[in-house]
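Asker: Take a look at the letters that make up each chain.
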Amino acid sequence: MNETVNTVTIWVVDDEPGMCRGAVRTLNGWTDSFADLGEKIVCEVLSMGSGEEFLARIATEQPHILLLDGKLPGIDGIGVLEQLHERKISLVTIMITAYATLDKAVEATKLGAYDFLAKPFTPEELRYAVHKAARNVILTRKARQLEEEQRKVRFNFISVLAHELKSPLGAVEGYVNIIRSRQAGDTLADYDHMIDRIGVRINGMRKLIGDLLDLTRIEAQTGKRNPEQLDLRSIAESAAELQKETAADRNIAIHLKLGSELNITADSGEMEMLFNNLLSNAVKYNRDGGSVTLSGVKAGKNIRLLCTDTGIGMTEDETKRLFTEFTRIKNDKTRFIPGSGLGLSIVHKIVTLYHGAISVSSVPDEGTTFTIEIEDTRI
Amino acid sequence: MKGTPMSEVKTVLIVDDDEDFLLQQEVYLKKAGYRVLTAAGRKEAEQLVEKEKIDCAVIDLMMEEVDGGFVLAHHLKTANPALPVIMVTAVTSETGLNFGTMGEGEKKWVKADVVLAKPIRYEQLIREVQRLLA
Chain R
1 MNETVNTVTI
11 WVVDDEPGMC
21 RGAVRTLNGW
31 TDSFADLGEK
41 IVCEVLSMGS
51 GEEFLARIAT
61 EQPHILLLDG
71 KLPGIDGIGV
81 LEQLHERKIS
91 LVTIMITAYA
101 TLDKAVEATK
111 LGAYDFLAKP
121 FTPEELRYAV
131 HKAARNVILT
141 RKARQLEEEQ
151 RKVRFNFISV
161 LAHELKSPLG
171 AVEGYVNIIR
181 SRQAGDTLAD
191 YDHMIDRIGV
201 RINGMRKLIG
211 DLLDLTRIEA
221 QTGKRNPEQL
231 DLRSIAESAA
241 ELQKETAADR
251 NIAIHLKLGS
261 ELNITADSGE
271 MEMLFNNLLS
281 NAVKYNRDGG
291 SVTLSGVKAG
301 KNIRLLCTDT
311 GIGMTEDETK
321 RLFTEFTRIK
331 NDKTRFIPGS
341 GLGLSIVHKI
351 VTLYHGAISV
361 SSVPDEGTTF
371 TIEIEDTRI
Chain W
1 MKGTPMSEVK
11 TVLIVDDDED
21 FLLQQEVYLK
31 KAGYRVLTAA
41 GRKEAEQLVE
51 KEKIDCAVID
61 LMMEEVDGGF
71 VLAHHLKTAN
81 PALPVIMVTA
91 VTSETGLNFG
101 TMGEGEKKWV
111 KADVVLAKPI
121 RYEQLIREVQ
131 RLLA
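So the sequence lines, in the order shown, correspond to chains R and W. Positions 1 to 379 (the numbering used here) are the ones given, in order, by the first sequence. Positions 1 to 134 (the numbering used here) are the ones given, in order, by the second sequence.
For reference, chain R alone in the conformation it holds in the complex (with noise of 0.2 angstroms):
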C-alpha cells in the first residue's frame, strides 16, 4: 500500500511551563505510522499558556488535535470546551488533568472531550494517547471523503440518468409534434414508421427503468436477499428460454454447456438477473447466423461461466469502458441496437456481490467471451 504522510497539528494549552516544554520535546516532529489505513503523520506541535490565548488563536486556525489542560489559571479547561462547543468547532481532545473526578470527566467528555490523560504521564503514554487521537482524526477524515466520493458518484448518476430519459421523451415529442401539425402528409400511412420509432423509444424507457429498478435493488437489498440451493442449469436454461424468440429471429443459436455439478446457494433472482443480461448481450451484439456459448465449470469453491459470441466485437478501448455505468459502445456497428447502458454494471455488481470477477476478452467483428467467476457463499 502506498502510504501518505500528512501533518497533524497538535495544540497544549497549559500554564505550567514545563509540561508544555515535555509535550513539545516528545511530540514536536515524531511520526507515527497506521499501517492499516495506509497512513503515516508527522506531528508539529504548538503550546499555549492559557485558555483565552487559544480562543484568540482559534478564531483563525485549527489543530487537528488538542491537549487541554483541566485546570488552567482563568478560564479553566471545561470552560474552553464550553466555548468550543458553542461556537460549534469540534476538536478532537485529549483532556489533562491532576486529579480526574468522575463528574468533571463526564461533564468533559459531554462537552466532547475524546480521551483523558491523568498527570503525571510517561512520554509513551503521551504518544499512545496522541496516537489514538491522531487514528480517530485520520478515520474521520477518510469517512468525510469516502461521503464526498459518493455524493459525486451519485450526482453524476443522475445527471446521466436524467439525460438517459430526457432524450426519448424529446424524440417522442418531436414525432407527436410533426403528427400534430401534419408534417408529413394527410394520411396515417405516412407516419407508420414515426409511430413505430416511438413504440422503440417507449420500450427503450421502459427497459432502463426496469434495469435501473434491478440495479437498485441489487444496492439496497442486500440485507434483504433469499440465498437458496440452486441449480445454475435451469436457471441458464430458463433465461435461454427468454432469448429464443429474438435469437430464432436472427437465426442465431444459443448453446448451453451447464454440468450438473453446477449448484450453488445463491439469491435466485440475481442469478436470474445475471443470467439474462450475459445471454442477451451475446444475443443482442451478435451477428445474423451466428451463435452463443454458454459454458460452466466448478473451480474449487467458484463457479467459472463462459459466454462465448460470435458477434461484432469490441475494441480494447471499447472493452476498458465497458463497465460503466450508461456506458454504450457507440458505433457504426450498434447505431440501431436498443439498450439502456445499465446491462453489464447490473452484470458486475452481482458478480462483486459474489466475490467473483469478470473479465472480457474480445476480437473486433469476431466476438466476445465474458469470463466471470462466483463464489458458492452461505450469505
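Source of the hints: derived by calculation from the structure; they are not laboratory data. Glycine residues also receive a C-beta, built at the ideal position from the N, C-alpha and C atoms. Hints are supplied without guarantee of correctness; some may be wrong.
Stated by the list, open to error - Below, computed lysine to aspartate or glutamate pairings styled on DMTMM-like, alpha-carbon distance capped at 25 angstroms:
{"id": "1", "chain 1": "W", "residue 1": "Lys31", "chain 2": "R", "residue 2": "Asp186"}
{"id": "2", "chain 1": "R", "residue 1": "Lys284", "chain 2": "W", "residue 2": "Glu19"}
{"id": "3", "chain 1": "R", "residue 1": "Lys284", "chain 2": "W", "residue 2": "Glu44"}
{"id": "4", "chain 1": "W", "residue 1": "Lys118", "chain 2": "R", "residue 2": "Glu173"}
{"id": "5", "chain 1": "R", "residue 1": "Lys166", "chain 2": "W", "residue 2": "Asp18"}
{"id": "6", "chain 1": "W", "residue 1": "Lys30", "chain 2": "R", "residue 2": "Asp190"}
{"id": "7", "chain 1": "W", "residue 1": "Lys31", "chain 2": "R", "residue 2": "Asp196"}
{"id": "8", "chain 1": "R", "residue 1": "Lys320", "chain 2": "W", "residue 2": "Asp18"}
{"id": "9", "chain 1": "R", "residue 1": "Lys330", "chain 2": "R", "residue 2": "Glu366"}
{"id": "10", "chain 1": "R", "residue 1": "Lys71", "chain 2": "R", "residue 2": "Glu124"}
{"id": "11", "chain 1": "R", "residue 1": "Lys166", "chain 2": "W", "residue 2": "Glu19"}
{"id": "12", "chain 1": "R", "residue 1": "Lys320", "chain 2": "W", "residue 2": "Asp67"}
{"id": "13", "chain 1": "R", "residue 1": "Lys132", "chain 2": "R", "residue 2": "Asp36"}
{"id": "14", "chain 1": "R", "residue 1": "Lys166", "chain 2": "W", "residue 2": "Asp20"}
{"id": "15", "chain 1": "W", "residue 1": "Lys51", "chain 2": "W", "residue 2": "Glu19"}
{"id": "16", "chain 1": "W", "residue 1": "Lys51", "chain 2": "W", "residue 2": "Asp18"}
{"id": "17", "chain 1": "R", "residue 1": "Lys244", "chain 2": "R", "residue 2": "Asp231"}
{"id": "18", "chain 1": "R", "residue 1": "Lys207", "chain 2": "W", "residue 2": "Glu19"}
{"id": "19", "chain 1": "R", "residue 1": "Lys257", "chain 2": "R", "residue 2": "Asp231"}
{"id": "20", "chain 1": "R", "residue 1": "Lys40", "chain 2": "R", "residue 2": "Glu125"}
Unchecked claim - One-sided excerpt, in silico: chain R residues whose CB lies under 10 angstroms from chain W:
{"id": "21", "residue": "His163"}
{"id": "22", "residue": "Pro168"}
{"id": "23", "residue": "Gly170"}
{"id": "24", "residue": "Ala171"}
{"id": "25", "residue": "Glu173"}
{"id": "26", "residue": "Ala184"}
{"id": "27", "residue": "Val200"}
{"id": "28", "residue": "Asn331"}
{"id": "29", "residue": "Arg335"}
Model the placement of chain W on the given structure of chain R, informed by the hints.
Answerer: Chain W in isolation, oriented as in the chain R frame:
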C-alpha cells in the same frame, strides 16, 4: 407553383447519430422544400459529399467519435469555404459550455456559420437554413 426549375431545389445534408433526430429534421426540411440527404456519421457524410453536390450542411457536434462533428465541419469548410454549415450541439445543455460564432477567435476553430443548441426548435433550423441559402 409555377414550375420551379429543378436547379433551384437546394440540397441540405444532415449528419446526426441520433436516428430519431435525423428523421425529424428530414421531415421538416423536406416540408420546407429542400432535397435532404442524411448521414449517421462522419465517414458516411464524407462518402455522400464525394458523390453529391450539397448546398448546406447541418452537423451534430458530438457523434460516435467525440469530435466527429468538428472534424467533418472542418473538412467541409476546407474543401468549400462558401458552404453554409450549421452546427447543432447538445454541449451547452450537457456541459454548460457556450459556443458562439460571433467572436473571431471562436470562428477560427468552430467552422460553422451558425451554432444551434439542442434541443433545437425546428422552425429555427428552417429559418437559419433559409437565411443561409437566400
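Asker: With reference to the structure, classify each hint as holding or not holding.
Answerer: How the hints compare with the structure:
{"no.": "1", "hint": "W:Lys31 - R:Asp186", "in the structure": "holds (13 angstroms)"}
{"no.": "2", "hint": "R:Lys284 - W:Glu19", "in the structure": "holds (18 angstroms)"}
{"no.": "3", "hint": "R:Lys284 - W:Glu44", "in the structure": "holds (24 angstroms)"}
{"no.": "4", "hint": "W:Lys118 - R:Glu173", "in the structure": "holds (14 angstroms)"}
{"no.": "5", "hint": "R:Lys166 - W:Asp18", "in the structure": "holds (14 angstroms)"}
{"no.": "6", "hint": "W:Lys30 - R:Asp190", "in the structure": "holds (14 angstroms)"}
{"no.": "7", "hint": "W:Lys31 - R:Asp196", "in the structure": "holds (21 angstroms)"}
{"no.": "8", "hint": "R:Lys320 - W:Asp18", "in the structure": "holds (24 angstroms)"}
{"no.": "9", "hint": "R:Lys330 - R:Glu366", "in the structure": "holds (17 angstroms)"}
{"no.": "10", "hint": "R:Lys71 - R:Glu124", "in the structure": "holds (23 angstroms)"}
{"no.": "11", "hint": "R:Lys166 - W:Glu19", "in the structure": "holds (15 angstroms)"}
{"no.": "12", "hint": "R:Lys320 - W:Asp67", "in the structure": "holds (20 angstroms)"}
{"no.": "13", "hint": "R:Lys132 - R:Asp36", "in the structure": "holds (14 angstroms)"}
{"no.": "14", "hint": "R:Lys166 - W:Asp20", "in the structure": "holds (13 angstroms)"}
{"no.": "15", "hint": "W:Lys51 - W:Glu19", "in the structure": "holds (22 angstroms)"}
{"no.": "16", "hint": "W:Lys51 - W:Asp18", "in the structure": "holds (23 angstroms)"}
{"no.": "17", "hint": "R:Lys244 - R:Asp231", "in the structure": "holds (20 angstroms)"}
{"no.": "18", "hint": "R:Lys207 - W:Glu19", "in the structure": "holds (19 angstroms)"}
{"no.": "19", "hint": "R:Lys257 - R:Asp231", "in the structure": "holds (13 angstroms)"}
{"no.": "20", "hint": "R:Lys40 - R:Glu125", "in the structure": "holds (19 angstroms)"}
{"no.": "21", "hint": "His163", "in the structure": "holds (7 angstroms)"}
{"no.": "22", "hint": "Pro168", "in the structure": "holds (9 angstroms)"}
{"no.": "23", "hint": "Gly170", "in the structure": "holds (6 angstroms)"}
{"no.": "24", "hint": "Ala171", "in the structure": "holds (4 angstroms)"}
{"no.": "25", "hint": "Glu173", "in the structure": "holds (9 angstroms)"}
{"no.": "26", "hint": "Ala184", "in the structure": "holds (5 angstroms)"}
{"no.": "27", "hint": "Val200", "in the structure": "holds (9 angstroms)"}
{"no.": "28", "hint": "Asn331", "in the structure": "holds (5 angstroms)"}
{"no.": "29", "hint": "Arg335", "in the structure": "holds (6 angstroms)"}
Violation of the numbered hints given earlier is absent; every hint is satisfied by the structure.
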